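Could you slot chain B onto chain A? The hints should help.
Each chain, written out:
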Amino acid sequence: MRMFKYVLKRIALMFFVLFVITTIAFVLIRILPRDLPLEASQKEAILARWEALGYNEPLLIQYGIYWKNIITKWDFGTSWQIAYRKPAWDLLVSRLTPTVLINVYSLLFSIPLGLALGVFAAIKKNKWQDNVISTLVIVFISVPSYVYAFLVQYIFFFKLGWLPLQLYSLADAGNTYFSWKMFHSMIGPVLAMSFGEIAGLCRFSRAELTETLTSDYMLLARTKGLTRAQATARHAFKNAMVPVLPSIIGSFVSIMGGSMIIEKIFSVPGVGPLYLTAIGTLDYDVFMLDSLFYTFIGLIGGIIIDLSYGFIDPRIRMGEK
Amino acid sequence: MSTVNVNEIKIDPSKFAFVNEADKLHDKKFEDKPIGYFKDAWIRFRKSRASVVALIIILSIVAFAFVAPLCVRSHDQAFMVPTYAKNSPRIVALKNLGLKTGFTSRDFSDRSLMKALAVGVGAEEYKGQDVSFADAMDSEYMPILEITNVTTSIGADKKETHSYTADIETYLEVGFLYKSIEQHELESILAWEQETGKKVLYPLVENNEYNMDPTDANCWYKSDAKGNPLKEKGDKVTKIKEYDESLVLADNYKRDKDGNPIYYEYTGGGSVDTAQYKIRVLYINYYEYLYGAEPNYIFGTDAQGRDLMLRLAGGIRLSLLIAVCVSVVNFIIGAFYGSTEGYYGGAVDLVMERISDILSNMPFVVVATLFQIHLAKKVGPIPSLLFAYFTTGWIGTAYRVRTQFYRFKNQEYVMAARTLGAKDKRIIWKHIFPNSLGTIITSAALTIPGVINSESMLSYLGIVKLGSSSGTSLGTLLSDAAAIWTNYPHLLFFPAITLSLLMICFNLFGNGLRDAFNPALRGVEE
Chain A
1 MRMFKYVLKR IALMFFVLFV ITTIAFVLIR ILPRDLPLEA SQKEAILARW
51 EALGYNEPLL IQYGIYWKNI ITKWDFGTSW QIAYRKPAWD LLVSRLTPTV
101 LINVYSLLFS IPLGLALGVF AAIKKNKWQD NVISTLVIVF ISVPSYVYAF
151 LVQYIFFFKL GWLPLQLYSL ADAGNTYFSW KMFHSMIGPV LAMSFGEIAG
201 LCRFSRAELT ETLTSDYMLL ARTKGLTRAQ ATARHAFKNA MVPVLPSIIG
251 SFVSIMGGSM IIEKIFSVPG VGPLYLTAIG TLDYDVFMLD SLFYTFIGLI
301 GGIIIDLSYG FIDPRIRMGE K
Chain B
1 MSTVNVNEIK IDPSKFAFVN EADKLHDKKF EDKPIGYFKD AWIRFRKSRA
51 SVVALIIILS IVAFAFVAPL CVRSHDQAFM VPTYAKNSPR IVALKNLGLK
101 TGFTSRDFSD RSLMKALAVG VGAEEYKGQD VSFADAMDSE YMPILEITNV
151 TTSIGADKKE THSYTADIET YLEVGFLYKS IEQHELESIL AWEQETGKKV
201 LYPLVENNEY NMDPTDANCW YKSDAKGNPL KEKGDKVTKI KEYDESLVLA
251 DNYKRDKDGN PIYYEYTGGG SVDTAQYKIR VLYINYYEYL YGAEPNYIFG
301 TDAQGRDLML RLAGGIRLSL LIAVCVSVVN FIIGAFYGST EGYYGGAVDL
351 VMERISDILS NMPFVVVATL FQIHLAKKVG PIPSLLFAYF TTGWIGTAYR
401 VRTQFYRFKN QEYVMAARTL GAKDKRIIWK HIFPNSLGTI ITSAALTIPG
451 VINSESMLSY LGIVKLGSSS GTSLGTLLSD AAAIWTNYPH LLFFPAITLS
501 LLMICFNLFG NGLRDAFNPA LRGVEE
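Quick mapping for you: the protein sequence lines, in order, are chains A and B.
FYI, in the working numbering the residues of the first sequence are 1 to 321.
FYI, in the working numbering the residues of the second sequence are 1 to 526.
With the rest of the complex left out, here is chain B:
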């Protein structure tokens, strides 16, 4: 048997040729785009309809918070008209459509009903035309929009008494007011009246025995001391005690010698610049003269007469800002703390766990209180609230990261990285951390509703006192409304609805994120 020694075979190198020299060998280009970690999560997230809807609602609430101030041109968040405090929503667009807006339903007696109606009559009748209640119902300045119910009851003295339920527009109810103004303002009002054709100035009222309350500009008609309107027939004066829509009120205007009503009265001041005049204005037109627009408060006004919608928008902005800020900082602290604990384990873990044990067992309300008491005067209530959150809020995140690190740190790919000489830092941040990213993002998203909730609770309880200077949060709006909401439900309704919606949607959104990042956990609660 002869064997051929391989080494002895000599082949001429030129005989060699690549098999596929002619055609180029490339990997086939992917027809689809590659799907990364986040894209994958997004695809899964999209499938959960509830979460997508929740996300859309959250985005629209955020959009509202930023867009609302831009849409209202006539005033801003700090704009305050005490005369119009606690009024219900009034939407000019609805009014132009002929719908009722800015009203509340209220009960009236004969006398108070006539007083409210008199505002509308007074706005129409200033020259002495006889305007009855029924005529004035069509006036745009008539506060009583509709009498919805009349009940008659017979009292103990066998007398019939009526009580009325009516829708009253609170912005018009203010009616007339006395104002003291200077010469130039008077001139500009007169010019404005000329220009727009709207009437601001109304005749002054005689201060005599027929004027029930000389400080109340709405008492323009003759009445007795109790407020019952009077009717003059020849020399006889009778009291009107029952409302009747055909009634005509007798005016009590101040008149000059010729019998023309007086619109302004000189009250003092020397020169032309400083001369003071007393006038009687129809407030809704005076408002328009002052601020250039009809009162348009889509969510009504708050207890001080600020626009509730703008305050709500500001409240959402502040609450979200606090929540996002807390969520980001806790994300960072929690990630560092948890990864250190989880990666090194042993004694480091034990010590760090005890620290977070102590912190997590401090009731948050106590922590927040202590921070407020110690720091609020020095750095303001919001920073001290943030510090309180930073003290204990990251523990949940840290705990989750730690668990993830325990799960991944002994896996093969980590060992491989370590064998190849990767440093701890690289292993932590490049290898293990990205794997726990989904969990952390989820927990950061779920932090937001928690923070919004506890923030509003703390401001409601008065532990965090956000002054007017430091801004409005959703909780401030709630606590402002707390004492008076029973009479003015809109004060509580809008913030409470917004808050509830935000909470529901953030929770749904967080659950959707969790399912998307961690499909294995789908359906498992908490």
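Isolated chain A (complex conformation):
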């Protein structure tokens, strides 16, 4: 019951924060001057549309209209520049697939590798294997992801010629993101994204496992006669995963956000480039929706990480002081 109340409280708080941020973003974006196309007929049509949509009303009324449209019609406004008169929501949804796909591939690649390396380093603590891994982890965590992107492009495109420089366009890859050809071109961004994640996960799981390996119950398990491997697998590993798993779950939520810079470098037609074009062309409704989207992803990720602690390990009671 307490758990339930805590969840409710968190969700209510999330919506409050979301509401405030929406308001701030709405005001800041709507007061910006809008660009009109040069062609006269199109210009008039757009002006008439804007009048009908209430863009000329006072800001407060516009804000009311904005919420009314979202609640009644799930309408987040219209794209005027990127895709003329296409609903902003549809535009965003159409951009989600490649972003999510690349991130899922990247996670599927980096989670097993990161965990395995972390566990290995923890077991070999303070031996040379651990030292090598830990040093590499520091390097890989610190180096920005776009440097990997350039490295991947340089090695796999220019030197070896194994991968294409950028993502194939949808038409090239047979009009689907799930074709083999598309997957082949996605390896580049997936690799570039994975280095940092592998390193992060490795560091995290190593830290947690080394801590559990030195705890008292491990000593007890060993005195009961378990071998080191048995004790590690049955006792230490489970406990070490308690903080690691929520962070993995969290990263599954944030995959929708994607990595703006990697997507730009590999010209992935995802959410990140949509945001950048929206700023570049001053397509405000899309920009607004994209901002909301990023905020929402961040908030929901935080909540899920918090709550999953309680689900994974019932000893942790959320909301306790």
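Do not take every clue at face value.
To be verified - Partial list, computed: chain B residues near chain A (C-beta under 7 Å):
{"#": "1", "residue": "Asp357"}
{"#": "2", "residue": "Ile358"}
{"#": "3", "residue": "Asn361"}
{"#": "4", "residue": "Met362"}
{"#": "5", "residue": "Pro363"}
{"#": "6", "residue": "Val366"}
{"#": "7", "residue": "Thr369"}
{"#": "8", "residue": "Leu370"}
{"#": "9", "residue": "Asn453"}
{"#": "10", "residue": "Met457"}
{"#": "11", "residue": "Leu492"}
{"#": "12", "residue": "Ala496"}
{"#": "13", "residue": "Ser500"}
{"#": "14", "residue": "Met503"}
{"#": "15", "residue": "Ile504"}
{"#": "16", "residue": "Asn507"}
Note that these hints are calculated values from the structure, not bench results.
Quick caveat: nothing in here was measured; it's all calculated off a predicted structure.
We put the beta carbon where it would ideally sit given N, CA and C, even for glycine.
Showing chain B alone in chain A's frame:
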């Protein structure tokens, strides 16, 4: 039993004497110097070798950023020679040692190889001496440094075609250029030639059917319209289609009646001051005449022909300046905010936490974009970027300070201070704050790599548009290189290496600081 009443005992005061009156009682002087908080931290910090190395690397990068502009005397960061744009590193010292510098490896056909070689030949042959390709290879003006590979392939028409791989010095490849100058400049060039013995002016080229491209000053030899060099034997003219090192090119110089080559040509203008001349210069010597030094670009040149090393130094300075500025301001805001929250707690804490909740949940990229759109035109891109950092960047620091205050505020020494009548202000700043100083300094140090990273990311993405007037950051260098780095890897290599090194070292340094200030946390990640 008789008891003696103490009060009745009378002792003469003069009988009293101090036991140790003779020797002076002093506290023994410490033999060691006292170890303060920071010294203690420094001792611990020194023990972590990785952090010390990281600190040294950071300091050398900073030193590089400030010293590099002082070392290059011939030009500054704004100095720009478009002719030498995107060229690879050229270090004169290496050249003097006889090593190859300023070159790239490239593939050539017979014709393009001969054209590149002709630059070196043309630099040597201007009087009509017969200089073959092989003779000119020793010339210091020969752009082709070494032919590394020759492959022969037989095409569909059964003809053999060669392709060559050669190291070509890009600074010499420019070769000759036509320039239009005034009388006094011509005189000063001639004087400079006399003085240094280096040749700037070269004979002009006849504009006839043998001149493939009259605007290209490198076409000094006779060639057909496609660019194949021609060979005259008596009346017979043959095309040279294959490169051979013993070949001698036939020159196509403009000559006067006596057969002497013409070096300058009057093109217009009346008086002595305004007379215009057309000349043909060997650019590398012309450069030296203009700027007083041979081209010496240790990191090469950027897309506009500026010195990449100086731009990089400027980029490091700007990025570090932004990072340090953000770190200091966030340190101050975070300390005030966090200590107020943590010390007062209750309703104050609740309200302030909600405010920072809202701010911290705004994606930074959105905040930065909004600031750029609204403020960049009014106050410039860098101040608006700074504002964006000031808006949300302090939350982490504030959170840490708050935690520290919660930890310390109910401890005995705080209670003691309060009992003695200390005011809130005094308790906060004199008693609790110094205890959380280590945490805050660590978080300030770890802010720096974060800011450098996100700044370069934002400028790379084009969200922050640093114009040429507002300076260069590391991110600007990266985004400048983004479109063309595949052909000119050095443009990306140097900024990326610097950035990566800075990030790695600052993270190591920050971890070392954390361990030093807070030994209890040693080994605990994050």
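Going through the hints against the structure:
1. Given the 7 Å rule on beta carbons, the hint for Asp357 of chain B holds: about 6 Å separates it from the nearest Cβ of chain A.
2. At its closest, the beta carbon of Ile358 of chain B sits 5 Å from a beta carbon of chain A; the interface hint therefore holds under the 7 Å criterion.
3. Among the interface hints, the one on Asn361 of chain B holds; its C-beta lies about 5 Å from the nearest C-beta in chain A, closer than the 7 Å criterion.
4. Using the Cβ-Cβ criterion of 7 Å, the hint placing Met362 of chain B at the interface with chain A is satisfied: the shortest such distance is roughly 5 Å.
5. The closest approach between the C-beta of Pro363 of chain B and any C-beta of chain A is roughly 4 Å, which is under the 7 Å cut-off, so the hint is satisfied.
6. The criterion of a C-beta within 7 Å of any C-beta in chain A is met by Val366 of chain B, whose closest approach is roughly 4 Å, and the hint holds.
7. Contact between Thr369 of chain B and chain A, as hinted, is supported at the beta carbon level, the nearest pair being about 6 Å apart and thus within 7 Å.
8. For Leu370 of chain B, the interface hint holds, since its Cβ comes within 7 Å of a Cβ in chain A; the closest pair sits about 5 Å apart.
9. The beta carbon of Asn453 of chain B is positioned within 7 Å of a beta carbon in chain A (closest approach about 5 Å), and the interface hint is therefore held.
10. With a least beta-carbon distance of about 6 Å to chain A, the hint placing Met457 of chain B at the interface is held under the 7 Å criterion.
11. With 7 Å as the threshold, the beta carbon of Leu492 of chain B comes within range of chain A, its nearest partner Cβ sitting at about 6 Å, so the hint holds.
12. For Ala496 of chain B, the interface hint holds, since its Cβ comes within 7 Å of a Cβ in chain A; the closest pair sits about 5 Å apart.
13. At its closest, the beta carbon of Ser500 of chain B sits 4 Å from a beta carbon of chain A; the interface hint therefore holds under the 7 Å criterion.
14. Proximity of Met503 of chain B to chain A holds as hinted, the smallest CB-CB distance being about 4 Å (cut-off 7 Å).
15. A cut of 7 Å between beta carbons decides the hint on Ile504 of chain B: the least distance to chain A is about 4 Å, and the hint holds.
16. Below 7 Å, beta-carbon pairs count as interface contacts, and Asn507 of chain B has one with chain A at about 5 Å; its hint therefore holds.
Violated hints for the displayed structure: none, as all numbered hints are satisfied.
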